[in-house]
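Each chain, written out:
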Amino acid sequence: MNHIALAVRTVAAWLVTLLIVFPLIWLVLTAFKTELQAIAVPPELFFSPTLENFHEVQVRSDYLLYAKNSVVTSVLSTIIGLAIAAPAAYSMAFFRTKKTKDLLMWMLSTKMMPAVGALVPVYVMAQTAGLLDSLTGLTVVFTLSNLPIMVWMLYSGFKDIPPDILEAARMDGANVWSEFVHVIRPLATGTLASTGLLCLVLSWNEAFWSLNLSSANAGTLATLIASYSSPEGLFWAKLSCASLMAIAPIVVLGWFSQKQLVQGLTFGAVK
Amino acid sequence: MLLKASLALIFGLAAAGTACAADLVIATVNNGHMIEMQKLGHFFEQANPDIKLKWVTLEEGVLRQRVTTDIATKGGQFDVMTIGMYETPIWSKKGWLNPIQTDAAYDVDDLLPAMRNGLSQDGKLYASPFYGESSMLMYRSDLVSKAGATMPSNPTWEQVRDIAAKIHDPKNGVYGICLRGKPGWGDNMAFISTMVNTFGGQWFDMSWKPQLDSKPWKDAITFYVDVLKKYGPPGSSANSFNEILALYNAGKCGMWIDATIAASFITDPKQSKVADKVAFAQAPTAVTPKGANWLWAWALAVPAGSKNVDNAQKFVKWATSKEYIKLVAKENGWAAVPTGTRKSTYATPEFLKAAKFADAEKKAIDTANPNDSTLPKSPYVGVQFAAIPEFQSIGIAVGQQMSAALAGKVTVDQALATGQTAAEREMKKAGYYK
Amino acid sequence: MNRLLPRLLFAPAVVSLFLWMIVPLAMTLYFSTVHYNLMQPGEKSWVGLENFHYFVTDPDFGVSIVNTLLLLGSVIAITVVMGVGLALLVNEPFPGRGIVRVLLISPFFVMPTANALLWKHMMMNPIYGVLAQVWIFFGSTPVDWLTDHPLFSVIVMVAWQWLPFACLIFITSLQSLDRDQMEAAGMDGANPLQKFWFLTLPHLGRPIAVVVMIEMIFLMSVFAEIFTTTGGGPGNESTNVAFLIFKQALMNFDVGVASAGALFAVVLANIAAVFLIRMIGKNLDK
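Chains as they are written, first to last, in our numbering: chain A, 1 to 271; chain B, 272 to 705; chain C, 706 to 991.
Calculated from the structure, these hints are not laboratory results.
There are no misleading hints in this set.
Capping the alpha-carbon separation at 30 Å, the derived lysine-lysine pairs in DSSO-like fashion look like this: (1) LYS364(B) x LYS480(B); (2) LYS749(C) x LYS345(B); (3) LYS614(B) x LYS633(B); (4) LYS624(B) x LYS544(B); (5) LYS500(B) x LYS680(B); (6) LYS480(B) x LYS365(B); (7) LYS705(B) x LYS749(C); (8) LYS561(B) x LYS364(B); (9) LYS325(B) x LYS68(A); (10) LYS749(C) x LYS578(B); (11) LYS345(B) x LYS68(A); (12) LYS500(B) x LYS417(B); (13) LYS597(B) x LYS323(B); (14) LYS68(A) x LYS323(B); (15) LYS561(B) x LYS486(B); (16) LYS900(C) x LYS159(A); (17) LYS325(B) x LYS593(B); (18) LYS700(B) x LYS749(C); (19) LYS68(A) x LYS578(B); (20) LYS749(C) x LYS699(B).
Bear in mind that the values here come from a model prediction, so they are computed numbers and not experimental data.
Just chain A, same shape as in the assembly (with noise of 0.2 Å):
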C-alpha cells in the first residue's frame, strides 16, 4: 500500500512539475540555439548548440558590472529589510493590540499605488536626493517596496510558532533578546529563509524602478533583460541566453536555500 502511494506521488509530482516548468526548460534550450533555429517550425528539440549567444551577450553589455549591481541592491536590501521587518512581526505577533490588524493592512496599503502612477513623484523625489542612477538609491526604493511583504510573510510565520515554547522560554528566564535568538530564530528559519528568498528574487526582477531610477551606472539585470527585447531585429535566442544569464546566480541562490526550508522542518515539526 505504501509503495504505490509513494510510487503514484513520486509519477504525479515529476509529471505536474515538468509540465510547470516546461517554457523554462525551452528556454534554456533556446539560449543555445542560432536565431534562426529558435523560431523554426516544427520547433527543434535536438540541435547542435551554439554558444554565440553567451559571446554576444558578454561582448555587448558589461554583463559583469550589472550582475554585481543586482547582488549588491538584492542581497543588501534583502539584508536591511530583514533587519526592520523581523523586529516588527515578532512584535506584532508576540505583542498584539488592538490595533495590529490595522498596522498590517496600513502597510499593505502603501503597496497599492500603482508604480506608473508614483513615477514622477518619486523620479523628482529622487533626484532631488542626488541619488539617480546611484546603487544606494535603487537599494532603499527595494527595500520600502518590499518591506510590507516581508512583515506580513515573517508575521505569518511567527504566528506558526508554539506560544508555549515561548512560555517555557520565558519562565527559564531568558529576556527578550536571547528569546529571539535561541527560541525564535532556529524554529522560524524556514520562514527566515522563505521570506528572505522572496525578496531577493523581487528585487532581483524588480525591472520598472531599476529602469528608471538608473543610466550609465546603477544598472541591474533587469536592465540588462530590456536592453535584448528589440522592436526592429531577431532577438529571441539572445533574450533566452540573456535571461539564462540572469536567472542563474539566483537559481543557484535557491538551490542552497532549500536546505534551510529542509531545516526548518526538522524544527517546526518538533512538539
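We have chain A already, so just place chains B and C on it with the hints.
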C-alpha cells in the same frame, strides 16, 4: 538607529561620488546598427582619450519613456540621446535640444534632404541622423514568377491584392501578404497611417479635428482588414516587425510592406532561408502617391541640460559622419553600414554592389516628405505620425481598435467610431479646440 | 517596559514606510488636481476634479475595472488552489523531492518581461509556438491565444509566474503542521479527505490569507505582461486599470491624469482589500 546613521552616511557618500566629468552617457535603442556603434565605440575613445563612453541600451518604447521623463524633469542623466523624427520637432520647439554644431568636415549638405528637413527647425539641425528608413514592398520573386505574375516597381494596392491572391498558399505554409497588426503608434499605426495617406486621408484637418470618420479612413481600413483576413497569416493582430521578420525569414510570407531596414535582414543568408529570393518595389499607392511610404530616422541629439555639451557634440558628429560609415564598412562589410542618411553612401559603388535594396530604399526615402504627406492639406508634420505630444496616446488607442477590427472583434465602422471618440477626447483635453 | 518594547521594535518599519508612502502620496494628490503635462512644463494651473473626470469618462474605464478584477480573481483562485494541491503533493518524501521543489519555484525567478515574451513567442504563437505544434499533433487547428483569448492568455502567464510563490509559502507552512495530531486523527478513523478538511486546511488558513493579500497587491498593477504581448488589445479586451494609467503617464506624459488614475487605483485596491478581509480576515487573527 545605527542602521539609519549608516544609511545617512551612504547617502552622503553616494551623492558626493557622481560620475567624473569625462564620462559621456549615451542613451540608445537596441537596434542592430546602434549595437554596432556601441561595439565600435572604442575607436572614438582611442581618438579622444579623455572621454569615456557609457551606454544605456533599451527597447524603443522604454527608451522613449525614459529619456522623455528625464529631459522634461531636467534630470540631466544623459549627454547624448537617440531620438526619432517624432520627438525632434516637438523638443526643438521647446528649446530642450542643443543644435548640432556642424562644420565643413561634417558636410551637412551630404545628408539626404528628407532626413535633414525632418530633423531641423528654422534651418538648424537639432539631431544628426544615424540611420534612416522609409517603407517599401519586399516580395518573393520566385513565388510571383511561379504564379505567372509580374510586380511593377510602383504597384497599386489593387495590383498587390491580386498578386497576394495568386501566391497565397496556406496548405504549403505560404501566406500571400504579411502586414503589421500589433497595437501601437509605432507598430500597426505606422503602417496604417501610410495606407490612409495613400487612400487620400489624413489624421487631422486644418482645424485639428480628427478625421477617422472620413471616407478615406473607411476605405483604407476596410481594404486592410479584408486583404489580411483573406491572404494574411493567423495571429496578424499581434504581429509587429519582429514577428513578421521571423515569418518572412522562414519563408512564410509572399509579400511584406515594412521598414526598409528589413531588407538587410531578409537578404542575409545567416538568418534568412530565402535570402536570394527577395525583390523590392515601392510601397503601394491608391488614390495618391503622397504619404504612401513613411519616413523615420533614428538620430543623435544633445539635450540642453547636459553637462558635457562639447564632448557630446564631438561624439554625435563622429557617429554620423562619412568616416564612421567607412569604418563600419571596413569592420563588417558594406552590407552592414547604417543607411538612409547620406547621399555619399548611395554614391559608393561597393555599397550598391553589396546591398541589392539600395536603389529601392533611396527612392523610397527621397519620395517621403513629412511636410507634405497627405492629399488634403494637414496642420501637422510627419508621414506616419503627427508630431504633436498627444499623438502617442491617440495612436495607441486607435491602434487597439484597428487590431480589434482585424481580429474580427468589432466591425470596421465600430472601430473607426471608437477611435474617433478617443482621438477627439484627447485633442479637446489638450486644448486644440473646445 | 511592556508597552514600550513592542513600539520600539516596529518603529523603524513604520517610520520608514510612512515617509516612503507620504511623500509620493502627497505629490500625487497635488498633481491630480492640477494641469501638469511633462511636455508642457511651466504653469500648473488648478483644475480641481477635471483630471478625475477625464480618467473616469474614458470609454475603456469600465472594462478596465472588470478586467482588473477578473485578472485578480482568476490568478488568485488558480494559484491558491493549485498551490495547495502542489504543496500537499510534495509534502511527503519521495525520490527527487528536493529537485522538484526547486523546479516548482523556478518560474518565479524569470523577469516578467522575459516571461511575457517567452509565452508570446515560444508558447502561444499560432504558427511556430509550442502549443500550436501540440494542437497540430492532435490534428486540430492551433488556437490564436493572444488574439482570441487575450485576457485568458494574460491570466495564464501571470498565474504561471505566481504559482511558485504560493507553493513556496504553502510548502513552508505545511512543514509546521502537527504530525502527531495527524497520526492521532488517522488512528481515530479519519480518512485523508477529512484530515485535509479539518486539520490541514485550517492550518493553512493564515498562509492562504497572506498569499491572497500579497498577490492582490501585485496583481492590481500587472502591466508589463500586457504591454509586451497584447498592447491592451485587441480593442480593450486586455486593458486593466494599470494599463490605462500607463497610457496617460508614459504615452501622454500627462502626470495630472495619471495621478488621478493612480489615486483611483488605490481606492479600488482598498475596496478589494476590505472585501477580501471580510472573507478571510478572521484567519489573520488566529
